[in-house]
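Visitor: Chain by chain, the residues run as shown.
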Amino acid sequence: MGENYSFSLTTFSPSGKLVQIEYALARVASGGTSLAVKAKDGVVLCTEKKLPSLMDVSSVEKISLVTSNIGFVYSGMGPDSRVLLRKGRKKAQKYYRTYHDPIPTAQLVKELASVMQEFTQSGGVRPFGCSLLIAGYEESGPQLYQVDPSGSYFAWKATAIGKNQNNAKTFLEKRYNDDIEIDDAINTAILTLKEGFEGEMNENNIDIGIINADRKFRVLTPTEIKDYLAELQ
Amino acid sequence: MSGSSAGFDRHITIFSPEGRLYQVEYAFKAVKTSGQTSIAVRGEDSCVVITQKKVPDKLFDASSITHLFTITERIGCIATGMIADARVLVQRARYEAAEFKYKYAYEMPVSYLAKRMADTAQVYTQHAYMRPLGVDLIFIGIDDEVGPQLYKVDPAGSCIGYKACCSGVKDQEATNFLEKKYKSNPKFSVDETIQLAISALQTVLSVDFKPNEIEVGVVTKATPRFTVLSVEEVDRHLTLLAERD
Numbered sequence: 119m120g121e122n123y124s125f126s127l128t129t130f131s132p133s134g135k136l137v138q139i140e141y142a143l144a145r146v147a148s149g150g151t152s153l154a155v156k157a158k159d160g161v162v163l164c165t166e167k168k169l170p171s172l173m174d175v176s177s178v179e180k181i182s183l184v185t186s187n188i189g190f191v192y193s194g195m196g197p198d199s200r201v202l203l204r205k206g207r208k209k210a211q212k213y214y215r216t217y218h219d220p221i222p223t224a225q226l227v228k229e230l231a232s233v234m235q236e237f238t239q240s241g242g243v244r245p246f247g248c249s250l251l252i253a254g255y256e257e258s259g260p261q262l263y264q265v266d267p268s269g270s271y272f273a274w275k276a277t278a279i280g281k282n283q284n285n286a287k288t289f290l291e292k293r294y295n296d297d298i299e300i301d302d303a304i305n306t307a308i309l310t311l312k313e314g315f316e317g318e319m320n321e322n323n324i325d326i327g328i329i330n331a332d333r334k335f336r337v338l339t340p341t342e343i344k345d346y347l348a349e350l351q
Numbered sequence: 007m008s009g010s011s012a013g014f015d016r017h018i019t020i021f022s023p024e025g026r027l028y029q030v031e032y033a034f035k036a037v038k039t040s041g042q043t044s045i046a047v048r049g050e051d052s053c054v055v056i057t058q059k060k061v062p063d064k065l066f067d068a069s070s071i072t073h074l075f076t077i078t079e080r081i082g083c084i085a086t087g088m089i090a091d092a093r094v095l096v097q098r099a100r101y102e103a104a105e106f107k108y109k110y111a112y113e114m115p116v117s118y119l120a121k122r123m124a125d126t127a128q129v130y131t132q133h134a135y136m137r138p139l140g141v142d143l144i145f146i147g148i149d150d151e152v153g154p155q156l157y158k159v160d161p162a163g164s165c166i167g168y169k170a171c172c173s174g175v176k177d178q179e180a181t182n183f184l185e186k187k188y189k190s191n192p193k194f195s196v197d198e199t200i201q202l203a204i205s206a207l208q209t210v211l212s213v214d215f216k217p218n219e220i221e222v223g224v225v226t227k228a229t230p231r232f233t234v235l236s237v238e239e240v241d242r243h244l245t246l247l248a249e250r251d
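Protein sequence lines correspond, in order, to chains A and B. So in our numbering, spot 151 of the first sequence is number 269, and the numbers just go up one at a time. So in our numbering, spot 119 of the second sequence is number 125, and the numbers just go up one at a time.
Hints were generated in silico from the structure; no laboratory data involved. Where a beta carbon is used, it is the ideal one built from N, C-alpha and C, also for glycine. Please note that the accuracy of each hint is not assured.
Which stretches of chain B does chain A cover? Using the computed rule of at least three CB atoms under 8 Å from a CB of chain A, they are [unchecked claim]:
id: 1; segment: 13-27
id: 2; segment: 130-140
id: 3; segment: 154-164
id: 4; segment: 170-182
Full structure from sequences and hints, please.
Guide: Here's what the structure looks like:
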């Protein structure tokens, strides 16, 4: 990493702050809102996907599979998230090859967080300009984590990142309860996203991914999203 | 949280206080310095790319000046911006496509090639040792499963599929023109697609082209090979377009 740069670009300011990381967080906060809700029988990831009319909506995937039972969504810089997606997938396969067991969500989160931290300290690189929300399902139940450009990670019951994160989190706090079920969680997620949404929300400008007890993460098709939106009318 | 940058955020790709990457933004501006405008459109069973062929000096060998490149037999691309940087990326794309064919024994899909090129571009936005390249690449090809595909890769490392896209100096005007044409979700035939591309370029540049002043690259379902139209074929389309209006 950093062929000729042997020094870090992320250095301490006199007040003890790592400003490059703060700026990276500013970049995340200006990206499209993504949010996630953990139900007692699954997790839902949801994001806004606003694209100009000439773009082919089907070519843009904000929610991706890392393994068949772990998915993630990002807010911030798409290209940076692709790097993390690729590294995450590789690490998951490596784990499987060693242990012949799918990688636990927490382990994957730790690996990705470690990568993100590396880029805040290694020579000649800048931090990642995206935060990730990672959802999985294990023996112990549904899992939801957030990973930040600094490399810190947090487990959540429900959270939001991106432009509207503060309002969305307040909204979620009011509506969340520990016994929420997955279908309810999906509706809550959509309503939360709708709160801060500019313009009309339809099946082409949001993405939803869910994982439940069958342990298969999947991204909903536009038709399925349309059904959920219709239910809420 | 508001801080002042140490001044390097404009020189290498580190974040500015507002979370911007100035070097990447400047790379976008560099795409426009060449004064070129390129347009690409996707029809029902074809894709067309077009750009002006500006030969600055009569002494130039016009056949050596081109912004259209064949990546594989079935994938073509148009480069907008700094032509030297473009050649680096084209070489890389050719290598990636050839290696894919060698490893997996089938043709690399356009979407995947575009993604690989975008990932390469992203590396330059994160590592200080290389600057981002001042080029937009637009890839076209016919995918066996999905049909005509059109992808744009930019200096920031984004890779997005389009129904129609533009790049260069007049990209905004061209985008506005095309948005109107695509609003009704039309199904363009091969000839209609080619003529749409030509008329879009003529409109935004306010010029009526002669056949040797534009370069047009085409892929169709019937002929998936990436072909650059000859002067005669371009002439035929220009005539048809003029008669239509």
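Visitor: With reference to the structure, classify each hint as holding or not holding.
Guide: These are the hints, each one checked on the structure:
1. 13-27: holds (count 11)
2. 130-140: The restraint on the segment 130-140 of chain B holds, since 5 of its residues have a Cβ under 8 Å from chain A and three suffice.
3. 154-164: holds (count 5)
4. 170-182: That given contact holds, which follows from 3 residues of the segment 170-182 of chain B lying within Cβ reach (below 8 Å) of chain A.
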